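> The primary structure of each chain is shown beneath.
There are 2 protein chains.
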Amino acid sequence: MRLATLSNGQPDGCLILVSRDACRYLSAVGITNTLQQAIEQWDSVEPALRQLADRLEQGDGDVLDESRLLAPLPRAWQWLDGSAFPQHGELMQKAFNLPPIETDRPLMYQGLSDRFLSGTQDVVLPSEADGIDFEGEFGIITDAVPMGTSAQDALPHIKLVLLINDWSLRAIAPIEMKTGFGWVQAKPACSVAPFAVTPDELGDAWQDGRVHLPLQVHVNDVWFGNPHGGEMAFGFHELVAHAARTRDLVAGTILGSGTVSNANFEEVGSCCVSERRAIEMIEKGEPQTPFLSFGDHVSLGVAGNNRSVFGNINQQIIAANF
Amino acid sequence: MRLATLSNGQPDGCLILVSRDACRYLSAVGITNTLQQAIEQWDSVEPALRQLADRLEQGDGDVLDESRLLAPLPRAWQWLDGSAFPQHGELMQKAFNLPPIETDRPLMYQGLSDRFLSGTQDVVLPSEADGIDFEGEFGIITDAVPMGTSAQDALPHIKLVLLINDWSLRAIAPIEMKTGFGWVQAKPACSVAPFAVTPDELGDAWQDGRVHLPLQVHVNDVWFGNPHGGEMAFGFHELVAHAARTRDLVAGTILGSGTVSNANFEEVGSCCVSERRAIEMIEKGEPQTPFLSFGDHVSLGVAGNNRSVFGNINQQIIAANF
Numbered sequence: 012m013r014l015a016t017l018s019n020g021q022p023d024g025c026l027i028l029v030s031r032d033a034c035r036y037l038s039a040v041g042i043t044n045t046l047q048q049a050i051e052q053w054d055s056v057e058p059a060l061r062q063l064a065d066r067l068e069q070g071d072g073d074v075l076d077e078s079r080l081l082a083p084l085p086r087a088w089q090w091l092d093g094s095a096f097p098q099h100g101e102l103m104q105k106a107f108n109l110p111p112i113e114t115d116r117p118l119m120y121q122g123l124s125d126r127f128l129s130g131t132q133d134v135v136l137p138s139e140a141d142g143i144d145f146e147g148e149f150g151i152i153t154d155a156v157p158m159g160t161s162a163q164d165a166l167p168h169i170k171l172v173l174l175i176n177d178w179s180l181r182a183i184a185p186i187e188m189k190t191g192f193g194w195v196q197a198k199p200a201c202s203v204a205p206f207a208v209t210p211d212e213l214g215d216a217w218q219d220g221r222v223h224l225p226l227q228v229h230v231n232d233v234w235f236g237n238p239h240g241g242e243m244a245f246g247f248h249e250l251v252a253h254a255a256r257t258r259d260l261v262a263g264t265i266l267g268s269g270t271v272s273n274a275n276f277e278e279v280g281s282c283c284v285s286e287r288r289a290i291e292m293i294e295k296g297e298p299q300t301p302f303l304s305f306g307d308h309v310s311l312g313v314a315g316n317n318r319s320v321f322g323n324i325n326q327q328i329i330a331a332n333f
Numbered sequence: 012m013r014l015a016t017l018s019n020g021q022p023d024g025c026l027i028l029v030s031r032d033a034c035r036y037l038s039a040v041g042i043t044n045t046l047q048q049a050i051e052q053w054d055s056v057e058p059a060l061r062q063l064a065d066r067l068e069q070g071d072g073d074v075l076d077e078s079r080l081l082a083p084l085p086r087a088w089q090w091l092d093g094s095a096f097p098q099h100g101e102l103m104q105k106a107f108n109l110p111p112i113e114t115d116r117p118l119m120y121q122g123l124s125d126r127f128l129s130g131t132q133d134v135v136l137p138s139e140a141d142g143i144d145f146e147g148e149f150g151i152i153t154d155a156v157p158m159g160t161s162a163q164d165a166l167p168h169i170k171l172v173l174l175i176n177d178w179s180l181r182a183i184a185p186i187e188m189k190t191g192f193g194w195v196q197a198k199p200a201c202s203v204a205p206f207a208v209t210p211d212e213l214g215d216a217w218q219d220g221r222v223h224l225p226l227q228v229h230v231n232d233v234w235f236g237n238p239h240g241g242e243m244a245f246g247f248h249e250l251v252a253h254a255a256r257t258r259d260l261v262a263g264t265i266l267g268s269g270t271v272s273n274a275n276f277e278e279v280g281s282c283c284v285s286e287r288r289a290i291e292m293i294e295k296g297e298p299q300t301p302f303l304s305f306g307d308h309v310s311l312g313v314a315g316n317n318r319s320v321f322g323n324i325n326q327q328i329i330a331a332n333f
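Protein sequences, first through last, are from chains A and B.
Per the numbering used here, the very first residue in the first sequence carries number 12; after that it's consecutive.
Per the numbering used here, the very first residue in the second sequence carries number 12; after that it's consecutive.
Treat the hints with caution; some may be incorrect.
Which copy? The list can't say, so a pair holds if one copy fits it or any two copies do.
Result set (SDA-like, lysine to any residue): computed pairs, CA atoms no more than 25 Å apart in a straight line [what the hints assert, rightly or not]: (1) Lys-189 - Glu-139; (2) Lys-295 - Glu-278; (3) Lys-295 - Arg-181; (4) Lys-295 - Glu-101; (5) Lys-189 - Gly-159; (6) Lys-189 - Gln-163; (7) Lys-189 - Pro-137.
Rather than coming from a laboratory, the hints here were simulated on the basis of the structure.
Here the structure is a predicted model, which means the values were calculated and not measured.
Please put together the full structure from these sequences, using the hints given.
Here it is as structure tokens:
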């Protein structure tokens, strides 16, 4: 099943089901109005939603205009972002001569969740001097997860899979990180690709709580990278269990993988400017790729079975108008 | 004005106005249903809410049962907690022989906001081995604050003032802090005292974006501390400006001061066990006060003009039932 949220003037939009070819949709209103409502009562609404999905594959539905789609959850009660790809951490540490982060636990921070940008919305930021960067990553949405849930028991709580661009400000990030308090200014609102898909929709590409598909990144229409999501040190179910160690997770919690990164980065490239700069520092002594400028646009997408699995993120960065 | 949220079976409860003597209330339904709705349209609803407050002082209203009150915002889209009392940081650094946090910026992390416990709700936690602790602090609620708002311009965006207990797990906190990612497991849900008060309600005690009143702390009915809120290195308006540097703040954002702490800690005590333990380590070579146990109860309150300004927090810690 592929779920999406259609703009209707309300903050949470209205829930729709989208056909596999992304050409048609059917409204879920009557079953449940919004994705947040659906995730709060997933087990009771899922059968009716799957019937809509079946009708779509039989040719039913209206013509979909992707530009009218919001983020699947235009706002969420909780966004917890991990950093689960060890290759990314190793490159950053090597380039900046940092000590390795001494932990055998998942890395995770809580981020801004009161708004998620759509895949086509402009990204409004205050200053190019902040070191504007993107982070291509996968994410998941859980239903309500009780405190103390094990990783094994967490897997069925993962109801939907997402494609996310975690916008990051690199001039601020190390200053905030050094305090130990994590990031506030360095992490403005994220963007989310339009389709939230059930794990079964990914077929064999959903394994061990990981998305084994390449994330295609282009900056200003030029290839930037296509690493795949399989090399997470911890699967999403383990990230869920980590987050739920001392709290109940509210239904509609979004968890992120952190920047996708692979051991063969020489071939597959990177999912953020910062990592490419780190590779350049290691190999050439200094970074060569600049951070992003106002007017730049960043595209993320994931192809599976010759289809765009999550729909596309394709956004332009523009200056805040103070 | 003193606002509160009455339990009505809905997640956000219903907004009420409370008399200065905390004996009577009037429902705000008809003007606005919830505190979140009120803060989203503050300027248009404030006059009508103030009329209700006037009627209460003239003797109108129903008898208030504080045990039926939820947190003023039982859930919020954003909770950003500062650490603005330098005395607290200095004691912790001295006791643990840590390097000072090198920053002239406010310290701030984003925390769990999908639920705030009421002042009487049990605090359910998984393990005493996590080092259970409280943090008495002040907080504020803003309306919508545009990105780039200055500290000066932030002051009128502070609509309500709160009393908060930021529950903390001290065995986990340093492990998470060392990663630079901030706290997830170490910061379960906070509790909030029942009354959210407008800054004018504090009279002269609201100065420079700070609450110049002592926060009274008792653990198991024994005095623990009563430091006042005046010694913040940054006022709340400066914390708002810091948070809004790269993001628009959603209406209903809650910002916290961090543990209240004073330079004359010998006399006024502390607002968390961890700080008292730090003082013991410095003065006696080792900590003597244990962290909290299941069954312990913690009370916070603030008196002003011989009244309980925010109502009381008085909660018991109990074990999660896995």
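> So which hints don't hold here, by number, going up?
6
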